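Make the full structure from the sequences, and use the hints.
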Amino acid sequence: MTVPNAPAVSARNRPPLPRAFWRYQPVYSVLIALVAWELSSRFALINPYFFPEPSKIAVTALDLTLTGELLTHSGATFLRAIVALGLSIAAGVPLGILVARVRAFRWFFDPLISFGFPIPKITLWPIFVLWFGFHDVSKILLTAFACVLPILSATQLATLDVDKYLLWSARNMGTGEYKLLWKVIFHAAFPNILTGIQTVLPVAFIVTVLTEMLSGGVGLGAMIMMAGQLADMPTLFVGIIVASLLGYCTMRAVEFLRRRLLVWHEETATHQ
Amino acid sequence: MIEKIRADFVRNFPVIIVALCWEAAVRCGAVSSDVLPAFSTVAATVLKLLTSSDFLFDIWISLYQTAIGFMIAVFFGIAVGTAMARLRTVELALSSLLTLWYPVPVVALFPLLALELKLGDRLQITMIVLGSVLPVIVTTFNAARGVDHYLIWSALNMGTSPRRVLRKIVIPAALPEILSGVRITLALSFVLMVASQQLGATGGLGSFTLLAGENGFYSGMFAGVLVVALIGFIADRLYMTAIRYVLRWQERP
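Protein chains in written order, with our numbering: chain A, -11 to 260; chain B, 165 to 417.
What the hints contain is simulated information worked out from the structure, not anything from laboratory work.
Quick caveat, the model's predicted, so the values are computed rather than measured.
Any given hint might turn out to be false.
Said to hold, decoys possible - One-sided and incomplete, this derived list gives chain A residues near chain B with beta-carbon spacing under 8 Å: (1) Val18; (2) Phe38; (3) Pro42; (4) Phe96; (5) Pro99; (6) Pro106; (7) Trp113; (8) Pro114; (9) Ile194; (10) Val197; (11) Ser203; (12) Gly209; (13) Gly227; (14) Ile228; (15) Ala231; (16) Met239.
By construction, the Cβ of each residue, glycine as well, lies at the ideal position given by its N, Cα and C atoms.
Following this line, the structure appears as structure tokens:
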């Protein structure tokens, strides 16, 4: 379980039990929670209508998978989130480097960024619907818009953070400005840029699900909203769980990718 | 004073440029005013709406829902985070459940909560709390864990009671880090306020902008968005000022 900043049990203070027992400690909490849920729902300690048993939810998940419905919905959500993320990276990273390196860009964009940052981007949803319609374009663009500012400012900070001795040495040894930008600045800033992208990943999924909930159609958000309107609780829970899993798996995949991309970086060496 | 205003003006000049370009693009017909009302029209609509009691009531609803949700999330989050950092049992019980909760998109819980709680303030406030409490817990946990052990040991050694250590040492020492993490929570609680009101509410700015868009009252829709943006911006600035006051004892580089 290596969620960023997530608390973990420190080795020093573990209660005295075999090491192998504590390796699976997270699994136990989850199992206990699931069993408690199943039993309290079975014996109607909690309303079994609002909180159906996990076994019932699992059966519904299987049904929805077999009809292919679940795959269609989650595929649509995944694609939208990833395309939006790609767009915001394509726009945010170059712009962030420019804002950090070119004075005119910094003058122009700094106040706009500091004004735009605290604005809840999803407020713009009705405007995006007016401009781009109800379908994929408005959802993807709103998600990209919500992600672009954090990526931009993470890139800006990462670029400003690049060790100036690196730059001076490269310049001194006759590196041209363009080569300097790619070979030195981008590579040195890359780990922190990647961290910025990782923190923005959940935002991409949340905004995509939200726009789907607001507009209906295909997608996990739409499936969840429809299930809520029909009071079809098992499907609702399947939707919530699959949406969470989708976000979680993508985060883990990016962590894996990070280790691959940063093989040359010292952070990878210390981890292994 | 005049120097400061001038400096602010020069620094924020790009915002004015963007507003002027927006106005000019609509005025000279590059963009149809059906799709994008001129900036002056939107500004005039904001002023007109601010005199209508319905709109002021929407602002009031949004403000108090955000404020209550934000405060519950902050107090509860700091309490749970500190408890996890100081008490082994609490940490063992909660850490993996929090890891599970971390990737859940809270907006997806809306239909479930709506069936349970019905429409109304409680629904919005619950959404805000659920969505913004986790970052507070995690930052508080990390901050309280990071408190210098020698401070705690010295205090305990000199006979301070554990409860007093918590109040006098752990929380003040962790406070700067907690408060800078809470800034994200403030932004998050605005996002969740707007999102939950768009998904279904009896009032508030989120449902106002959505309804204005659906009814073709586009200048009202843009005005609503502008008001939300301004409130979010002002809240952020106020929060930063408040932090600076609360942490005035801190050494500054």
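Checked hints:
no.	hint	in the structure
1	Val18	holds (6 Å)
2	Phe38	holds (6 Å)
3	Pro42	violated (13 Å)
4	Phe96	holds (5 Å)
5	Pro99	holds (5 Å)
6	Pro106	holds (4 Å)
7	Trp113	holds (7 Å)
8	Pro114	holds (3 Å)
9	Ile194	holds (4 Å)
10	Val197	holds (5 Å)
11	Ser203	violated (11 Å)
12	Gly209	holds (7 Å)
13	Gly227	holds (7 Å)
14	Ile228	holds (5 Å)
15	Ala231	holds (5 Å)
16	Met239	holds (7 Å)
Comparing the model with each numbered hint stated earlier shows that hints 3, 11 do not hold.
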